[in-house]
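Please work from the sequences and hints to get the whole structure.
Going by the working numbering, the residue at position 85 of the sequence shown is 894; the numbering climbs one at a time, nothing skipped.
FYI, nobody ran anything at the bench for these hints, they're computed from the structure. Hints may be right or wrong, so weigh each one.
[Claimed, not checked] Straight line, CA to CA, 20 Å or less: simulated SDA-like cross-link-like pairs of lysine to any residue:
(1) K863 to V906
(2) K910 to S849
(3) K857 to A901
(4) K904 to V871
(5) K883 to S812
(6) K883 to A927
(7) K910 to Y897
(8) K857 to V906
(9) K863 to W899
(10) K883 to D913
(11) K904 to G842
(12) K883 to K857
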Amino acid sequence: MVSVVATTDLPLERVDIPEFVERIGDAARIGLGLPPELRSVYLVPLAKEYTTAKEGYEITLVLYSAPGKTIDQKRAAIVGLNDVVQAYDWGAEAKVVVIIKEHDPENVGVNGVLRWDALNQSSA
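Encoded structure:
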């Protein structure tokens, strides 16, 4: 599973947002070697006045995933996400920052169940 939280001041009115979100999810999951159903994307647009003054635009993508991904998988996700963003004409330079945050099973829960407990219960 990969959860992507993308905060940005990109002018999103220039793109088809559902398609952009889908492409971000695909780039993250394909890069990390995950199947299609194991990704969630949350795109958070920010007005320019809510960001640091700078030339151009920026998107920061934080990828949350379980540990064990190889350096090549991480590299592929970073390249793929950059390629997705750079494929659009934003009207100015777009800086792409990707942060990969791995979480051990004892540090994540889903629907009120600690992932560690779920993994150990199924092996018992």
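Hint-by-hint comparison with the structure:
Between the alpha carbons of K863 and V906 the distance comes to roughly 15 Å, so the proposed pair stays at or under 20 Å and holds. Of the pairs offered as hints, the one joining K910 and S849 holds, with about 15 Å between alpha carbons and a cut-off of 20 Å not exceeded. A distance of roughly 13 Å separates the Cα atoms of K857 and A901; the hinted pair therefore holds under the 20 Å criterion. For a cut-off of 20 Å, the pair hint linking K904 to V871 stands: about 14 Å separates their Cα positions.
Pair hint K883 plus S812 holds up; C-alpha atoms about 14 Å apart against a cutoff of 20 Å. Between K883 and A927 the CA atoms are separated by roughly 26 Å; this puts the pair beyond 20 Å, and the hint is violated. Restraint check: the Cα-Cα separation between K910 and Y897 comes to about 26 Å, which exceeds 20 Å; the hinted pair is violated. Of the pairs offered as hints, the one joining K857 and V906 holds, with about 17 Å between alpha carbons and a cut-off of 20 Å not exceeded.
In summary, the hint linking K863 to W899 is supported, as the alpha carbons are separated by about 15 Å, within the 20 Å threshold. For the hint pairing K883 with D913, the CA-to-CA distance comes to about 17 Å; that is within 20 Å, so the pair holds. Restraint check: the Cα-Cα separation between K904 and G842 comes to about 25 Å, which exceeds 20 Å; the hinted pair is violated. A hinted pair counts as satisfied when its Cα atoms are at most 20 Å apart, and K883 with K857 does not qualify at roughly 29 Å.
Checked against the numbered hints above, the structure violates hints 6, 7, 11, 12; every other hint is satisfied.
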